[in-house]
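S.K.: Work the whole structure out from these sequences, hints included.
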Amino acid sequence: MLGRIWAIALNTFREAARIKVLYGLLVLVFGANFLALVLGAMSYHEDVRVAQDIGLAGMSLFGSLTAILLGLFLLYNEVQKRTVHAIVSKPIARWEFVVGKWLGMALVLSVLVGLFALAMVLMLAFQGAGMSMALVKATLLAWLEVLTVAAIAIFFSSFSTPFLAGIFSLAMWVLGRVTPEIVDATRAASSWIRVTAHVALEIVPDLSLMSPSGRGDVTIHSDFVSWGYVVCSAGHGVGWIIGLLALACLLFARRDFV
Amino acid sequence: MDPAPAIDVRDLRKTYRTPFARKKVEALRGVTFAVEPGTIYGFVGPNGAGKTTTIRTMMGLIRPTGGSVKILGHAIPSRAARFKVGFLPESPYFYDYLTVAELLDLTGRLFGLSHAERTKRADELIDRVGLGRARAQSLKKFSKGMLQRAGLAQALMNDPEVVVLDEPMSGLDPIGRKEVRDLILELREKKKTVFFSSHILTDIEAIADHVAIIARGSLSAQGTPAELIQKSALGVDVTVRIAADVAVDDLTAGATHVRRTGDELSLTLAADADVDAWLAKSRERGARVIAVAPRHETLEDLFLRRIASADASGEATEGRV
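Chains S and G, in that order, are what the protein sequence lines are. The first sequence stops at residue 258 when you use the working numbering, and every number in between is there. The second sequence stops at residue 579 when you use the working numbering, and every number in between is there.
Fair warning: there could be bad hints in the mix.
Claimed, not checked - Covered stretches of chain G, as calculated for chain S (at least 3 residues, CB under 8 Å):
hint	stretch
1	315-326
2	365-376
3	537-544
By construction, these hints were calculated from the structure, which means they are not laboratory data. Just so you know, even glycine gets a beta-carbon here, dropped at the ideal spot from N, CA and C.
M.R.: This is the structure:
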């Protein structure tokens, strides 16, 4: 079982590594970090803070967008181009195929997040600052967010076209990111709006847990979250990844490949 | 006692619904056949008859609406069955960034073969299908025929007991077609069961032990070619040499397939025609007899007859609805 999943994952990694847009994104992220240098120089003794904020935001934003892009096309293309016919006719269960696709995407996204983090560290080193434990935790949380978004995209592309799956995935990502803001905004609203918002947020992973900096008193620059918080957020992310992949596997198993 | 069939398809049905109108489309209407182990089974039918739907259902790519498929006694889509089957999809699409060796390596991994087994088997198969020179090329640069060969190689990677080939001769030149025919015959010599579909009736007639004709989603005929094709003569093919300026209207009256090129006249007389009298009459005009041979039914004749009959009954049924 593991051998088959790994075979699909490695093949997916190889396939994703050929997508030229990813290299464009890398350039964009390195460019954003360079921009942080310029903006930092224009600020009043806040150059390190600017580099950290832009570096982490780039990691989360571009990482999540890449996850959506890969999730939409890698699974859909298999069905559309009929490459899946020669694969699922072999002794591999369809759920193994879906998990293998996600794992391959997770490998690509991990490399990307690693490179984004490297770009940020280089910029910080250029400014004479090092990698703090808070930055390590924030990077880990951003990585988890990206993997969760990949599972969201895989789930929608298991039964939908890339266009619709893209809209659904983006909507779920945005909703997940602004969960606390929605809760705050609906606090004074009528009860049915509060209930509707509450129900809607229950069916969306709370991605804001993975980007805590700037919420309340939590900030990457001084008082960041504990390791216990990181582990709990990781549990939330892993739970959603397992749930979304399980649903994607169920839906994919019922599909006819005509 | 007859051995258990290698492939056992019973009352296979597949009904689709159109996306918006939800209209029912019956792609398969109770297809039943059995393929004996160690034989070659040819599956023919016009476009849209249900060949590929049958094959994809057999391979677990499509879930049937009704009926069952068993391969070597294992119900589809069980993993146990797929371990013993090799499959070439119609117009195969593979990951075009892989080389043929990498494609076979991926296939071998899915069958759980060890690294040494994968390498050995891939090397053998690449040479067997004639892709030795293209070993390092990505599949993106392959012609349709080369892709077909790569597809055949991946279908044989697990040394399967049953090989299912959807249009294996498609896109191949005459030499490639002959090589595939030889490969299929070689598989039968090794006691493998081969099930293949094709539009090329001469290929099926040449190598298949059993033939099934599918039309409008149901089988219209099945059996050995000898059982299916009428043994009695359909007519008599005659070729004579006769001067180009001699009138032959009375000789060609009632004949079919009449062709006159230069001083050669070819035609087909009815099966019950008096051939001796016709030859005597032609000799009176100075003709020299080149060839006289009875015309027997071919698989193509049978195919056209069955398809026409299925179309007529289908139209009649639709007319009643």
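S.K.: Indicate, hint by hint, whether the structure satisfies it.
M.R.: Do the hints match the structure? See the list:
1. 315-326: Since three or more residues must qualify, the claim that chain S covers the stretch 315-326 of chain G holds, with 5 doing so at under 8 Å.
2. 365-376: holds (count 5)
3. 537-544: Contact hint for the stretch 537-544 of chain G vs chain S: violated, 0 residues under 8 Å.
When each numbered hint is compared with the structure, a violation occurs for hint 3 only.
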